[in-house]
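Engineer: Going line by line, the protein sequences match chains A and B. So that you can map any letter, position 44 of the first sequence is 113 in my numbering, and since no number is skipped, the others follow by simple counting. So that you can map any letter, position 260 of the second sequence is 304 in my numbering, and since no number is skipped, the others follow by simple counting.
Mixed in with the good hints there might be a few duds.
Listed below are several chain B residues computed to face chain A (Cβ distance under 8 Å; list not exhaustive) [claimed, not checked]:
{"no.": "1", "residue": "Gly209"}
{"no.": "2", "residue": "Ala210"}
{"no.": "3", "residue": "Ala212"}
{"no.": "4", "residue": "Met213"}
{"no.": "5", "residue": "Ala215"}
{"no.": "6", "residue": "Gly217"}
{"no.": "7", "residue": "Asn228"}
{"no.": "8", "residue": "Asn298"}
If you are wondering where the hints come from, they were derived from the structure by calculation, not from laboratory data. Predicted, not measured: the structure shown is a model, and the values here were computed from it. C-beta: ideal position from N, C-alpha, C; glycine also.
Each chain, letter by letter, is given below.
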Amino acid sequence: MALIEMKHLTKVFRSGRLGSRAHTAVDDVSLTIGPGETYGLMGESGCGKSTLGRMLTCLLPATSGQVLYDGRDLLRVGKRELHPYRRRVQMLFQHPDTSLNPRMTVLDSLREPFLLHDLPGRAHMDDVIREHIRAYGIQPELLERRASQVSGGQTQRIVLARIMLLQPEFIVLDEPTSMLDVSVQAQIMALLRDIQERTGVSYLLISHDLDLIRRSSHRIGIMRDGKLLEQGETGAVLDSPTHPYTRSLINSFAYMRD
Amino acid sequence: MKKKRVMFILALAVLLAFLFVGVAADLIAPWDPNAVDMANSLAGPSRAHWLGTDHLGRDLLSRLIYGSRSSVFIAFFATGCTLLVGMTIGLVSGWLGGWPDQLIQSVVNIFQGIPSTAFVVAVLGLLGPGMRSLLIAIVVSSWAGFSRIVRNQVLEVREQHYIEGARAMGAGGLYIVRRHILPNILLPLLVLIATRIGSTVLTVAAMSYLGLGLRAPASDWGIMINDAKLYYIRYFPVLLAPAACLTLFCLSINLIADYLRDRLDHDDGAARML
Ligand SMILES: Nc1ncnc2c1ncn2[C@@H]1O[C@H](COP(=O)(O)OP(=O)(O)O)[C@@H](O)[C@H]1O
Ligand SMILES: [Mg+2]
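All chains, please: the whole structure from these sequences, using the hints.
Structural biologist: As structure tokens, this is what we get:
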């Protein structure tokens, strides 16, 4: 059973005078993600991965297509009706250095879910936050710091902890570790796996790193120029790729590992 | 840096002193600024008149003190109004983006293309002199610059992931503007506000001098300089005193702006677009 289902999702960016130039960033992408599943979306920079993620989280309107969640098309529900879905569908972004408001303390940032949603423990949110962050490897001293004084790896932990306060069912992970050191990368990926085991959350893991995708995803999709070239079980796609582009990708990564 | 800090504190003290003098003018001023005493005109300093008197025998110090009230009050109030208009339009333009932004920016371009002094004179010519016309003229001629800078800042800030993150959590436009956008554009704006207060004081003085702003017998530094132009040869302080106040005020406000700009550059380079 699918948790979230995209059907023929397309995004055309228009620019120039009166939108004279059109650029199709996401081109007729259909895919489904089940509960507790990690779907790895692999593609080179600029192929439309972030745009796809933004449409799924309703940060960007789609040009055409559907995003079915719970039997509802998220792209066509009103603002008011969308609000409860905002809790259930979340996104972790690529650049930690702009993921937290630099003029706010970490604690202020972590309070935001309580201000926007009627979460349990709202009356004593600071206590809830202090208890909550322990599972994310965030030292309590960090709470008083400004976002600008927090490292990239710590920022991703904080943003993740904040997302998890909302108890989401589905999270878009948009290259969550591409800006981090290798050792920190491994820690964040381990934390993500741990969260999934604990809560059964589903991920759309976006990356241009085939190795990372291979190790963490149940199923994968290969994207190029806005199109989904092929998809399937991770092992099946990597062992017997059908598209020449996928084959060349696998070869280049095998080469890098030698 | 240390020296700049000292200058900043001095400048701030001077600014606060002008403000205090303006607010408490009724208590501080030894004379009624409009009390004429023709028998005692253009007199030098004395026990009764510390700075002497002008061509109508009015107490120079009292006129300076009331002048501080009018000049500084108008400058702050006009800048506040300009800020309000410019910031609102800039926020809307930057936040909406797309064609509304393009439309608003075309209007901004037109307003910014007109030299501001000529613009103020033209508006005053149309509306006639007076305090209210002066306020309107200043706002109409300078909101565009404010809105352009606010809009550029908003465009920069709105691309940041924390804005997307807030939207993904279900935050509405007002929440995001209040909690995420305003706090991040306010500091750079502070520099602009300070600079603008300084230039507004000069504009007010210039317009009053030209007879387009406040009119005699109001006490205003610009009017005092205008009055002095026939008499400064006989008693120089009638010109020196208001000119010195004007210079000191503008100098201190510019030192404050300069210091804030430096601080911002150290902070995160947010002032580079000013
Ligand atoms: N807001 C936008 N306006 C116009 N073009 C955009 C916008 N966002 C992305 N694009 C374009 O869409 C394409 C895909 O971008 P993106 O989804 O960020 O790629 P990826 O995340 O795979 O690197 C790029 O060519 C990019 O220039
Ligand atoms: Mg991207």
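Engineer: All hints are to be evaluated individually against the structure, with a verdict given for each.
Structural biologist: Outcome of the hint check:
no.	hint	in the structure
1	Gly209	6 Å, holds
2	Ala210	7 Å, holds
3	Ala212	5 Å, holds
4	Met213	5 Å, holds
5	Ala215	6 Å, holds
6	Gly217	10 Å, violated
7	Asn228	6 Å, holds
8	Asn298	26 Å, violated
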